Structures are given as structure tokens and as C-alpha cells.
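2 protein chains.
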Amino acid sequence: MCQLLAMNSKHPADIGFSFAGFRARGGLTDDHIDGFGIAYFEPTGLRLYCDDKAAMDSPLAELVSQTRTKATTTLVHIRKSDDDLLSNAHPFTREIWGEAWVFTHNGKMTIKDAPDSDPIKKESAHYYAPIGDTDSEFAFCYLLNRLKERFEYKPDDQTLHAFLTTQCRFLADYGLFNCLLSNGEWLLGYATTLLFYVTRQAPFGTATLIDINKTIDFAAVNDADDIITVFATTPLTDDEDWQQLAVNECIVFANGQRVHQNLPPAPEYLSIEEGLEIAKNA
Amino acid sequence: MCQLLAMNSKHPADIGFSFAGFRARGGLTDDHIDGFGIAYFEPTGLRLYCDDKAAMDSPLAELVSQTRTKATTTLVHIRKSDDDLLSNAHPFTREIWGEAWVFTHNGKMTIKDAPDSDPIKKESAHYYAPIGDTDSEFAFCYLLNRLKERFEYKPDDQTLHAFLTTQCRFLADYGLFNCLLSNGEWLLGYATTLLFYVTRQAPFGTATLIDINKTIDFAAVNDADDIITVFATTPLTDDEDWQQLAVNECIVFANGQRVHQNLPPAPEYLSIEEGLEIAKNA
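The listed protein sequences derive, respectively, from chains A and B.
Per full-length UniProt numbering, numbering through the first sequence is continuous, rising by one, with the last residue being 282.
Per full-length UniProt numbering, numbering through the second sequence is continuous, rising by one, with the last residue being 282.
Bound conformation, chain A alone (with noise of 0.2 Å):
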């Protein structure tokens, strides 16, 4: 299993903070050490690092640390697996109508091992094709290659977040499946288990890690009209208000705010202990 972290703002923002406690679950106070990988939406493209190490180790990560790297939107991966391959870590990328999609994933599939016959390997790679050996590179693979068959161009937001979320559904199907993915303007998060999210913005507080021994003062680094919403796999901090997934919802942010939500009737809130039980036993 792995875990995840992403931002996305109104304006480029630093992700140092939450990273600075996300990283520690990368060897310190957790174990996900078969991998570390951050995308980042600049203001001129598209910055991707991918590590076989683990975060707490890599000299990538390190590197983040140390640069004050500012983005609209930022995904990161940590990696627990049976492999440390490099072309296994996460985040992927894509292009997809000239822009440059992320995707990265925290979950156990049954992807690989479904039959041919299986309507996921049946209707797969046409355009896009898994270049590692993870399911969740196919199921990123498989969501793109659904979008540019049924839309030749790009459609507006409205339609492709709806049509995202039944494609989401549709892989939920095959096991664990919480997501994050972008294209730099909108960042969706889909969950099966684990997803929380934050939104700071004025009137900004004060917030402290749970990893670590940091305390931060928002308003003494950001501007009165700054949006930030944060994704973890469970919370990093213990003074904010997480808002938490339902089981199957999908939800989407842009410009740090909130923009689309479909939430299943009757929604289910796994407790952390549930999820995290959920997660070792796949």
C-alpha cells in the first residue's frame, strides 16, 4: 500500500509544509519506502520527479525539501510495495489532448489477473499502454484511453469530471481505489477507503504536523486571497478541520476551491483503524 498528497491552489503555492510531515511516513514514523515521486503544475509546465528510494532517503525528496518549488497543483507518492522498480513509481504521466496529465494511486487491484475476456483487458490499449508493471499505471492507462475513444477533443469540465467519475466507479469495482489525478487546472480525488482534504484559506491559523515536530502560521505566509486545499491519505496535522471521502465519492477541486462532488446516496465514512485494517489485509 501506499499513500498519498496533493495540492491545488488559486495561486502557485509551496508544498513544503505538508510535505515535510507527508515525507516522514516515507521511512521515519511510517513504512512506505518502495518509492517517492512528486509531480508539480508550474506556472510554465509540467516538473516530475520519480525515486526508487524511499522519500526519507532519496536525494530527490531531499531536494524538494530544500526548494521552495511553487505550483498550482502538486502530487505526491509514497510507494509500500513488493518491488522497488523504477518504472513502478508513482506519479505517472500522460498526454492526453496536448496536455500533460498525473496520475498516482493507492490501492490494491485485481487488474493483472482478471481474464482477457474481462470487459478492463478487453477494451484496453488502444492509445495508451502500461509502461511498468503495476495496476495502477493499466488503471491510469485504462481511464485515458476511455476519455480520448469517447472524446476526440478535450470536453468542457462539467462533462469530463462526470465522466470521470463513472470511470472511477467502474475501476472501484477491481479493488482498492484511491486516486488522485490532474491536468494541472483541476485536481480530482477519488476514494474506496482513505482520502481526506483541507482548505485554508482567511482567516488563516495556525497548524502542527502529526509526523513531526513543526508548527506553521498560514497567515504569516500567504496572501489574504489565497485558496489551498490539501489532500493526505489520513491527516497531517491534528489541529484542521479534515474533511474525509465517503466510500466512492469523487470529488474536484480548481483554483484551490471546490467543483464538483458526487457523493453516493447513503454515504459510508470508514474510520482510520478500518481503513488502514483494509489496506494491510489486500
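Source of the hints: derived by calculation from the structure; they are not laboratory data.
Everything numeric in this text was worked out from a predicted model, so none of it was measured.
Positions of the beta carbon are idealized from the N, C-alpha and C atoms, including for glycine.
Please note that a few of the clues may not be correct.
Said to hold, decoys possible - Okay, derived cross-link-like pairs now, BS3-like style, lysine-lysine, Cα gap no bigger than 30 Å in a straight line:
no.: 1; chain 1: B; residue 1: Lys53; chain 2: A; residue 2: Lys10
no.: 2; chain 1: B; residue 1: Lys121; chain 2: A; residue 2: Lys148
no.: 3; chain 1: B; residue 1: Lys53; chain 2: A; residue 2: Lys53
no.: 4; chain 1: B; residue 1: Lys80; chain 2: B; residue 2: Lys70
no.: 5; chain 1: B; residue 1: Lys154; chain 2: A; residue 2: Lys122
no.: 6; chain 1: A; residue 1: Lys108; chain 2: A; residue 2: Lys80
no.: 7; chain 1: B; residue 1: Lys112; chain 2: A; residue 2: Lys154
no.: 8; chain 1: B; residue 1: Lys148; chain 2: A; residue 2: Lys121
no.: 9; chain 1: A; residue 1: Lys148; chain 2: B; residue 2: Lys112
no.: 10; chain 1: A; residue 1: Lys80; chain 2: A; residue 2: Lys53
no.: 11; chain 1: B; residue 1: Lys148; chain 2: A; residue 2: Lys154
no.: 12; chain 1: A; residue 1: Lys148; chain 2: B; residue 2: Lys154
no.: 13; chain 1: B; residue 1: Lys112; chain 2: B; residue 2: Lys53
no.: 14; chain 1: B; residue 1: Lys10; chain 2: A; residue 2: Lys53
no.: 15; chain 1: B; residue 1: Lys70; chain 2: A; residue 2: Lys80
no.: 16; chain 1: A; residue 1: Lys122; chain 2: B; residue 2: Lys148
no.: 17; chain 1: A; residue 1: Lys53; chain 2: B; residue 2: Lys70
no.: 18; chain 1: B; residue 1: Lys53; chain 2: A; residue 2: Lys70
no.: 19; chain 1: B; residue 1: Lys148; chain 2: A; residue 2: Lys148
no.: 20; chain 1: A; residue 1: Lys154; chain 2: B; residue 2: Lys121
no.: 21; chain 1: A; residue 1: Lys70; chain 2: B; residue 2: Lys80
no.: 22; chain 1: A; residue 1: Lys280; chain 2: A; residue 2: Lys214
no.: 23; chain 1: A; residue 1: Lys214; chain 2: A; residue 2: Lys80
no.: 24; chain 1: B; residue 1: Lys122; chain 2: A; residue 2: Lys148
no.: 25; chain 1: A; residue 1: Lys121; chain 2: B; residue 2: Lys154
no.: 26; chain 1: B; residue 1: Lys122; chain 2: A; residue 2: Lys154
no.: 27; chain 1: A; residue 1: Lys112; chain 2: B; residue 2: Lys148
no.: 28; chain 1: A; residue 1: Lys154; chain 2: B; residue 2: Lys154
no.: 29; chain 1: B; residue 1: Lys121; chain 2: B; residue 2: Lys148
no.: 30; chain 1: B; residue 1: Lys154; chain 2: A; residue 2: Lys112
no.: 31; chain 1: B; residue 1: Lys53; chain 2: B; residue 2: Lys70
As the list claims (entries may be wrong) - Non-contacting residues of chain A with respect to chain B, defined by C-beta distances greater than 12 Å in every case (computed):
no.: 32; residue: Lys80
no.: 33; residue: Ser117
no.: 34; residue: Gln257
On the provided structure of chain A, position chain B as indicated by the hints.
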């Protein structure tokens, strides 16, 4: 204009020595300061970094200098352009037939200005489209679109290299087209002005960089059966036997050795001065 560097070898090898000299051209001995990028095909996957900063200033380039990363194929680019957009930084990558391919280019082309009725525009964007706005990325997407249209599955290498030679010749009609292309197994070089290579193998000698004060004894760092070929826009050392590609020559290396060569009848070789002058006036 930009400059290119690449290495292809029988066993994973460290590009550090060649990179030390090449990096200097990104702000110290030359002015290719509008971006830097490197792609390593490591044994377990592709590692790719792009930066909008000059190689001499880039923290990523510094990390590359300090890390002895070993790869069977490595491609490096230093950029000189009118912009320093991250989305325009080389090397570019796309997935085709489940493989990561990497492309880097030096030269000024006229693809973007071509009318929509031009063959290069008419047949363009079905599978792949550029994300940034360089002719270089457009040319890469053009190559991949032709490949994917022509071959549903990856053909044998001989067929592939012959097809790529033809497509490179076609692209060379649109301006200066010095490029390097790799899928990690082989490394293709095509030149319309300047591109040189040297093969280092037993008995290994010493080499001295032109751009900085550094000498290496290859016998001390290589095994007897190592074979390593290095490409560069102009030679990096002044005491090795660099071979020049003829105008419109296409050459492919695998395991450090030449596996394909297509030389025009009556091959023409530009002097370095002529080549640099053409680049300057482009």
C-alpha cells in the same frame, strides 16, 4: 540553438565525466542557458529530469553531478532559445507500445509556420500532440504518430530503424534537424549539421575534457568488456578519435556498438565552424 549529449553502453555506465564538460556549455564556456534536461534509462526504468534553469545553475544538474547514476542509455540537452518555459525543456518523452521513448533535438525548424495543408500538419495529431510550443516536440510527435499508424505492434529493430531513417529525412526538409532518440535499448542519432560520437572500449586510454580542466583514465573505471559510445554536438575531449556524422546520416547504437547506419551517397561533412555559423544564422 541547443547542444546534445548522449551515451549508450553494453553495461550500465555513469555519464559523469562527459557531463562535467558538457554542463560547462550551459553557462560557463557557452551560452545554452535556457533549460537543461537529462533522461537515464536505468535497469529498472526511466528517470527523467527537466529544468528551466541553466545547467550551471540548476539544482537538478548539481544533483546529477553529485550522483553516480548508471544507465545503459542517457540523453542530455542544454537549451538556447527565446524562452525558458519548463514545458519546452528537453528531453521529451512519450509511451509507445508500452515503452518509454525519449527524444532530444538541436536545430531550428519551420514546422509551426507551415500551412495547415502541408503534409506535416495534415497528418499530425491522432495519437500524440505536443504539450509545449517547440518545433522539436512537434517533430517527436510526428515521428510517433507515423510509427503508431504504420505499426500496430512494435516491429523488429531493422524495420524500425529503416522507417525512422526515412521519417528523419522527411523532417530534415523542415530545417536543422540534429536529434537523438532512444527507447532504452538502442540510441539513434541523426544529423543535418553537427553531431559527433566516440566509442570507448579496451584497450582503454585516457581522455581530457575541452571545456574544463579534467582528465580521466578509462582503464581505471571500466571493465575489460565495457563498450561505451558517447554522442555530442561537438567533441568533448581533445585527445580521442571522434567520428562525425555526415549531413543526413542516420546511425543507431545498441550495447555501445553500431547496429544501423544509413549514409547518403557522396556524404558531406561540415566543419565545426560551418556548423556553428549555420546554427547562429538559423
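Results of checking the hints against the structure:
{"no.": "1", "hint": "B/Lys53 <-> A/Lys10", "in the structure": "25 Å, holds"}
{"no.": "2", "hint": "B/Lys121 <-> A/Lys148", "in the structure": "20 Å, holds"}
{"no.": "3", "hint": "B/Lys53 <-> A/Lys53", "in the structure": "25 Å, holds"}
{"no.": "4", "hint": "B/Lys80 <-> B/Lys70", "in the structure": "27 Å, holds"}
{"no.": "5", "hint": "B/Lys154 <-> A/Lys122", "in the structure": "20 Å, holds"}
{"no.": "6", "hint": "A/Lys108 <-> A/Lys80", "in the structure": "11 Å, holds"}
{"no.": "7", "hint": "B/Lys112 <-> A/Lys154", "in the structure": "22 Å, holds"}
{"no.": "8", "hint": "B/Lys148 <-> A/Lys121", "in the structure": "20 Å, holds"}
{"no.": "9", "hint": "A/Lys148 <-> B/Lys112", "in the structure": "24 Å, holds"}
{"no.": "10", "hint": "A/Lys80 <-> A/Lys53", "in the structure": "11 Å, holds"}
{"no.": "11", "hint": "B/Lys148 <-> A/Lys154", "in the structure": "21 Å, holds"}
{"no.": "12", "hint": "A/Lys148 <-> B/Lys154", "in the structure": "21 Å, holds"}
{"no.": "13", "hint": "B/Lys112 <-> B/Lys53", "in the structure": "25 Å, holds"}
{"no.": "14", "hint": "B/Lys10 <-> A/Lys53", "in the structure": "25 Å, holds"}
{"no.": "15", "hint": "B/Lys70 <-> A/Lys80", "in the structure": "24 Å, holds"}
{"no.": "16", "hint": "A/Lys122 <-> B/Lys148", "in the structure": "20 Å, holds"}
{"no.": "17", "hint": "A/Lys53 <-> B/Lys70", "in the structure": "15 Å, holds"}
{"no.": "18", "hint": "B/Lys53 <-> A/Lys70", "in the structure": "15 Å, holds"}
{"no.": "19", "hint": "B/Lys148 <-> A/Lys148", "in the structure": "15 Å, holds"}
{"no.": "20", "hint": "A/Lys154 <-> B/Lys121", "in the structure": "20 Å, holds"}
{"no.": "21", "hint": "A/Lys70 <-> B/Lys80", "in the structure": "24 Å, holds"}
{"no.": "22", "hint": "A/Lys280 <-> A/Lys214", "in the structure": "28 Å, holds"}
{"no.": "23", "hint": "A/Lys214 <-> A/Lys80", "in the structure": "25 Å, holds"}
{"no.": "24", "hint": "B/Lys122 <-> A/Lys148", "in the structure": "20 Å, holds"}
{"no.": "25", "hint": "A/Lys121 <-> B/Lys154", "in the structure": "20 Å, holds"}
{"no.": "26", "hint": "B/Lys122 <-> A/Lys154", "in the structure": "20 Å, holds"}
{"no.": "27", "hint": "A/Lys112 <-> B/Lys148", "in the structure": "24 Å, holds"}
{"no.": "28", "hint": "A/Lys154 <-> B/Lys154", "in the structure": "28 Å, holds"}
{"no.": "29", "hint": "B/Lys121 <-> B/Lys148", "in the structure": "16 Å, holds"}
{"no.": "30", "hint": "B/Lys154 <-> A/Lys112", "in the structure": "22 Å, holds"}
{"no.": "31", "hint": "B/Lys53 <-> B/Lys70", "in the structure": "24 Å, holds"}
{"no.": "32", "hint": "Lys80", "in the structure": "17 Å, holds"}
{"no.": "33", "hint": "Ser117", "in the structure": "21 Å, holds"}
{"no.": "34", "hint": "Gln257", "in the structure": "25 Å, holds"}
The structure fails none of the hints (numbered hints given earlier).
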